[in-house]
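**Student:** Mind docking chain B on chain A? Use the hints.
So the protein lines, in turn, are chains A and B.
For what it's worth, the numbering used here labels the leading residue of the first sequence as 1, then goes sequentially.
For what it's worth, the numbering used here labels the leading residue of the second sequence as 904, then goes sequentially.
I should point out that these hints are in silico values taken from the structure, not numbers from a laboratory.
Quick caveat: nothing in here was measured; it's all calculated off a predicted structure.
Careful, some of the hints might be misleading.
Only some residues are given here: those of chain A computed to face chain B with a beta carbon under 7 angstroms [unchecked claim]:
1) T24
2) S27
3) C28
4) R31
So the derived label-pair ranges between C-beta atoms look like this [claimed, not checked]:
5) B:Y975 to A:G259: 45 to 53 angstroms
6) A:A635 to B:R941: 57 to 65 angstroms
7) A:T51 to B:Y975: 24 to 32 angstroms
8) B:D934 to A:T51: 23 to 31 angstroms
9) A:T51 to B:R941: 17 to 25 angstroms
10) B:Y975 to A:A635: 33 to 41 angstroms
11) B:G949 to A:G259: 37 to 45 angstroms
12) B:T951 to A:A50: 27 to 35 angstroms
13) A:V264 to B:V944: 35 to 43 angstroms
14) A:G259 to B:D934: 35 to 43 angstroms
15) A:P40 to B:E948: 33 to 41 angstroms
16) A:T51 to B:G949: 19 to 27 angstroms
Even glycine gets a Cβ: it sits at the ideal position worked out from N, Cα and C.
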Amino acid sequence: MPAESAADPRLLPIEIVLPIEGMTCASCVNRIERFLKKTPGVADASVNLATERATVRLDPGVAGRDEAVAAVRAAGYEVKPEAAVAAGAEGTAASLADEVSADDLDRERLQRQTLLQASVAIAAAVLIMIAMFTPQTVVAMMDLNKLILWPATFIQFWAGGRFYRAAWRAGRHGGATMDTLVAVGTSAAWVYSVFVTMYPEVIHLAGLHPETYFDSSTIIIGLILLGRWLESRAKGRTTGAIRRLIGLQATTARRIRDGVEEDVELSLVVPGDLLRVRPGDRVPVDGVVAEGSSAVDESMLTGEPIPVTKSVGDEVIGATINTSGSFVMRAVHVGRDTALARIVDLVQRAQGSKAPIQKLADRISEIFVPIVLLVAALTFLVWFLGGPEPRVTLALTAFIGVVIIACPCAMGLATPTAIMVGTGKGAEVGILIRGGEALEAAGRIDTVVLDKTGTLTLGRPAVSQVLPVPGTDSRRLLDLVASLEVRSEHPLGEAIVRLAREDELGFLPVEAFEAQAGRGIKGRVDGHDVTIGSGRLLDELGIDRAALTADADAAAAQGATVSWVAVDGALAGLFTITDPVKAESAEAVRQMRAMGLEVWMLTGDGRRTAEAVAAQVGIPSDHVIAEVLPADKDATIERLQAEGRRVAMVGDGINDAPALARADVGIAIGTGADVAIEASDVTLVGGDPRLVASAIGLSRATIRVIRQNLFWAFAYNVLLIPVAMGVLYPAFGVTLNPALAAGAMALSSVSVVTNSLRLRTVDVRPGHVRAMRRGPLGLIRDGAFLIVIGVIALAVAGGVLAADRALDSSSRQIAVTASSFRFSTPDLTIRAGEWVVVTFTNDDPVVHDWSVEGVANVDVPARPGQTAKLRFVIDTPGTYRILCTIPGHAEAGMVGTLVVNAP
Amino acid sequence: MDKHLNMAHGHDQAPVSDDAGLDPVCGMTVDKASASARELVAEHEGITYYFCGRGCKLEFGDDPGRFLDPSYIPAM
Numbered sequence: 001m002p003a004e005s006a007a008d009p010r011l012l013p014i015e016i017v018l019p020i021e022g023m024t025c026a027s028c029v030n031r032i033e034r035f036l037k038k039t040p041g042v043a044d045a046s047v048n049l050a051t052e053r054a055t056v057r058l059d060p061g062v063a064g065r066d067e068a069v070a071a072v073r074a075a076g077y078e079v080k081p082e083a084a085v086a087a088g089a090e091g092t093a094a095s096l097a098d099e100v101s102a103d104d105l106d107r108e109r110l111q112r113q114t115l116l117q118a119s120v121a122i123a124a125a126v127l128i129m130i131a132m133f134t135p136q137t138v139v140a141m142m143d144l145n146k147l148i149l150w151p152a153t154f155i156q157f158w159a160g161g162r163f164y165r166a167a168w169r170a171g172r173h174g175g176a177t178m179d180t181l182v183a184v185g186t187s188a189a190w191v192y193s194v195f196v197t198m199y200p201e202v203i204h205l206a207g208l209h210p211e212t213y214f215d216s217s218t219i220i221i222g223l224i225l226l227g228r229w230l231e232s233r234a235k236g237r238t239t240g241a242i243r244r245l246i247g248l249q250a251t252t253a254r255r256i257r258d259g260v261e262e263d264v265e266l267s268l269v270v271p272g273d274l275l276r277v278r279p280g281d282r283v284p285v286d287g288v289v290a291e292g293s294s295a296v297d298e299s300m301l302t303g304e305p306i307p308v309t310k311s312v313g314d315e316v317i318g319a320t321i322n323t324s325g326s327f328v329m330r331a332v333h334v335g336r337d338t339a340l341a342r343i344v345d346l347v348q349r350a351q352g353s354k355a356p357i358q359k360l361a362d363r364i365s366e367i368f369v370p371i372v373l374l375v376a377a378l379t380f381l382v383w384f385l386g387g388p389e390p391r392v393t394l395a396l397t398a399f400i401g402v403v404i405i406a407c408p409c410a411m412g413l414a415t416p417t418a419i420m421v422g423t424g425k426g427a428e429v430g431i432l433i434r435g436g437e438a439l440e441a442a443g444r445i446d447t448v449v450l451d452k453t454g455t456l457t458l459g460r461p462a463v464s465q466v467l468p469v470p471g472t473d474s475r476r477l478l479d480l481v482a483s484l485e486v487r488s489e490h491p492l493g494e495a496i497v498r499l500a501r502e503d504e505l506g507f508l509p510v511e512a513f514e515a516q517a518g519r520g521i522k523g524r525v526d527g528h529d530v531t532i533g534s535g536r537l538l539d540e541l542g543i544d545r546a547a548l549t550a551d552a553d554a555a556a557a558q559g560a561t562v563s564w565v566a567v568d569g570a571l572a573g574l575f576t577i578t579d580p581v582k583a584e585s586a587e588a589v590r591q592m593r594a595m596g597l598e599v600w601m602l603t604g605d606g607r608r609t610a611e612a613v614a615a616q617v618g619i620p621s622d623h624v625i626a627e628v629l630p631a632d633k634d635a636t637i638e639r640l641q642a643e644g645r646r647v648a649m650v651g652d653g654i655n656d657a658p659a660l661a662r663a664d665v666g667i668a669i670g671t672g673a674d675v676a677i678e679a680s681d682v683t684l685v686g687g688d689p690r691l692v693a694s695a696i697g698l699s700r701a702t703i704r705v706i707r708q709n710l711f712w713a714f715a716y717n718v719l720l721i722p723v724a725m726g727v728l729y730p731a732f733g734v735t736l737n738p739a740l741a742a743g744a745m746a747l748s749s750v751s752v753v754t755n756s757l758r759l760r761t762v763d764v765r766p767g768h769v770r771a772m773r774r775g776p777l778g779l780i781r782d783g784a785f786l787i788v789i790g791v792i793a794l795a796v797a798g799g800v801l802a803a804d805r806a807l808d809s810s811s812r813q814i815a816v817t818a819s820s821f822r823f824s825t826p827d828l829t830i831r832a833g834e835w836v837v838v839t840f841t842n843d844d845p846v847v848h849d850w851s852v853e854g855v856a857n858v859d860v861p862a863r864p865g866q867t868a869k870l871r872f873v874i875d876t877p878g879t880y881r882i883l884c885t886i887p888g889h890a891e892a893g894m895v896g897t898l899v900v901n902a903p
Numbered sequence: 904m905d906k907h908l909n910m911a912h913g914h915d916q917a918p919v920s921d922d923a924g925l926d927p928v929c930g931m932t933v934d935k936a937s938a939s940a941r942e943l944v945a946e947h948e949g950i951t952y953y954f955c956g957r958g959c960k961l962e963f964g965d966d967p968g969r970f971l972d973p974s975y976i977p978a979m
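With the rest of the complex left out, here is chain A (with noise of 0.2 angstroms):
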């Protein structure tokens, strides 16, 4: 049993307050307090007139507010009828109840949210480029752009202002995050695009497609925010901890006021208040035992699966369970100043301060940012003070282009992707993770605090031993005993009852049953009289134990607990229960350890008993952190985190709650409690603590994969980053293009996408850790697949480059050339239908274009000295005017027709 009970300094005296009625003067006030003073248990009282109050402060143990009021009356005055609410009631259930469900209103609001926006761009982004992509001589580019622009700014700031605000927020501090590279690549890409729009000629004037990147900037927002969603869907409630611990509390009270038992509202509930806790009720609040005695189950708060005898002057604390008796209790602590509240508090605190883990993509914007911007403005100057004319548009044009293919769409689906199938696969078997920060955190750790009971050990007490006194039959004993534990409902009995079962024991007759709450049972068995109970129980009924008191302290001292049995008034024998270890406790120790982890344990329970249970499980004795009271958990977690280590602990127990929350992953053994689960990051469904290194291994894995598909995610666009800064330029002429930058997005998010699935053939089943770990085979895998996925998308992407060729080839192939102001072949004659491939070539030194009038698309412009190439086709036959739209070019000369025959 944890021993903080004896030396709990929280049962101190307690204060109460007491409003008065019927006050003057001072003499008033002076009669009360001397008459308060002078009652037993009444440490202090201080009495107010101005406020009509008397505050006392009183040993509960002693005195509660019954002889408060009493003392009041005999002073001649009375206490108001209905106490007020006690100190801080903003602190209770209710309250706190409501705080936390608009904290959960509020965050499946932006969840929403985050899917309407996520899922409005990616369909706006779609239509964009569709609109974009699909070769048609109806609308001028120009035009069709005018329309894209309202949709695709509406999206840029509707979906797209969390990136600017979160920008923002890490720009003030000199940061740079993902949200920094989506807000300057998207920015970038709308900026440009929306002047493209509006002054389509400027770009015209400098020789270039007037093209716009809405479809960029759209995507990306869109694909971004979806890979934000998956995130959250992951993640739930980290609220849910707080709503299930206070869904612990009791809802009434049974207060005793006055000689009159009613059920009031916990929050009426004051310190010194007498309560009465009937067999199952939860006890209500922190207090003393004032009259009567029971067992009570304190498994959620302590861990102790084993429920504690409690008698006149012992605490019970609030949420916990009453098994069997009825005792009346003096309210020591309520509302926010009970035990069950402090949890709350502590896990809050743990959950608040924990510093949030710099996700991976965070960590390569800060470094990727500064480098695009300085490679950005690079470009601008080299393009500004080398570059062709005119230079200012083509260095901005350049510049821009760097920033727009810097941010890279499939960014976002890199760890969403990798968490979903990682998650996945865990939940396979029994490995449930609450999102990526959790998987984040969880392949990061190098010490595992256990924690024994329900963790490393059942949980639930089992007969160790069945030790009868010589001459007496163990089976014979079972019977007896497990026959009259039928009737009783104590935990301790239900194991001997569990072992007697096992061989069909335990069904003779019984008469004259009779519980003794918190010291055994009696009754006739079979004719005989069987008592069973604590040692004092024998010793009070003037029962001789020597002959296995050694047995007893023996087994005492490894932790078990021992009910003694008398039969017909003799010394009979004795069973000694414990909680066992788990079959697969050993195993799991070795796994982590294996896996490079520091194994260390951490209990309330006595030294002796722990390092029993350490010895067998194999964590050597300087790893076993002993007698800690339950509030020290969570302190303890801390100690070890400022040794530098990255801690995960494993617990079950309500008690676990603010280490779980508190550690950098909070482990739940899915036996225990609903509040441990809500407050960790894992949890282990089933209780198999093998599974501890196989979400540590799954963590590892998912990382890894993470961090590919982040290199990956990268890759496409940093390829592409030479290319929009203009290096293949002075060879091919090529800058960046919509076409292009697409193209990357579209590798890059496949890539991602397909390397997250690899994660499926991860083998995280209990024991088979082992085929996790990675060995030299598994770099050769990692980078076999990666090079496969790259080879296959140049494969794509060649053959697309090679179907276009083939159109090309397929088509009817005119060659033009401007020079001094002339088309070299001014007229042509083609039919409807036909596909048609124009070189044009510009031997001038001014920008010229080649288009035909009235026909919306048909335009190639080229720079001096540059060969542009057009394919289009048109479907209705006539005489077209050929001209170059560059002003005064056409009227120097440079003129043409189109015939288009009929087919």
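**Tutor:** Just chain B now, with coordinates in the frame of chain A:
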């Protein structure tokens, strides 16, 4: 504090006026009629005393001699 001294000075003398009595316990001036109406009166050795409230009356009843002693200084 000034008030306190005044009261101390006058407490064992005859009531200030016919309507007002002096509470011997706390030294407050009390309206006789309303004190009577609330039963805040007590007889001791033939003299009627008036009180501001139940506390003073009960205190007085417990030990009248203590409050009538000339060295007693009212609580206020």
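**Student:** With reference to the structure, classify each hint as holding or not holding.
**Tutor:** Hint check:
1. T24: 3 angstroms, holds
2. S27: Since the shortest Cβ distance to chain B is 4 angstroms, the answer is holds.
3. C28: Where the cut-off is 7 angstroms and the nearest Cβ of chain B is about 3 angstroms from C28 (chain A), the hint holds.
4. R31: With a closest approach of 5 angstroms, the R31 (chain A) hint holds.
5. B:Y975 to A:G259: 45 to 53 angstroms: 40 angstroms, violated
6. A:A635 to B:R941: 57 to 65 angstroms: At 59 angstroms between Cβs, range holds.
7. A:T51 to B:Y975: 24 to 32 angstroms: 28 angstroms, holds
8. B:D934 to A:T51: 23 to 31 angstroms: 25 angstroms, holds
9. A:T51 to B:R941: 17 to 25 angstroms: Check passed, 23 angstroms falls within 17 to 25 angstroms.
10. B:Y975 to A:A635: 33 to 41 angstroms: Taking Cβ atoms as reference, Y975 (chain B) and A635 (chain A) lie about 58 angstroms apart, which means the hint is violated.
11. B:G949 to A:G259: 37 to 45 angstroms: With Cβ atoms ~43 angstroms apart, the hint holds.
12. B:T951 to A:A50: 27 to 35 angstroms: Between T951 (chain B) and A50 (chain A), where Cβ atoms are some 30 angstroms apart, the hint holds.
13. A:V264 to B:V944: 35 to 43 angstroms: This hint holds: roughly 40 angstroms between Cβ atoms.
14. A:G259 to B:D934: 35 to 43 angstroms: 39 angstroms, holds
15. A:P40 to B:E948: 33 to 41 angstroms: Holds - the Cβ-Cβ distance for P40 (chain A) and E948 (chain B), about 36 angstroms, lies within 33 to 41 angstroms.
16. A:T51 to B:G949: 19 to 27 angstroms: Given a distance of about 40 angstroms, which is not inside 19 to 27 angstroms, the answer is violated.
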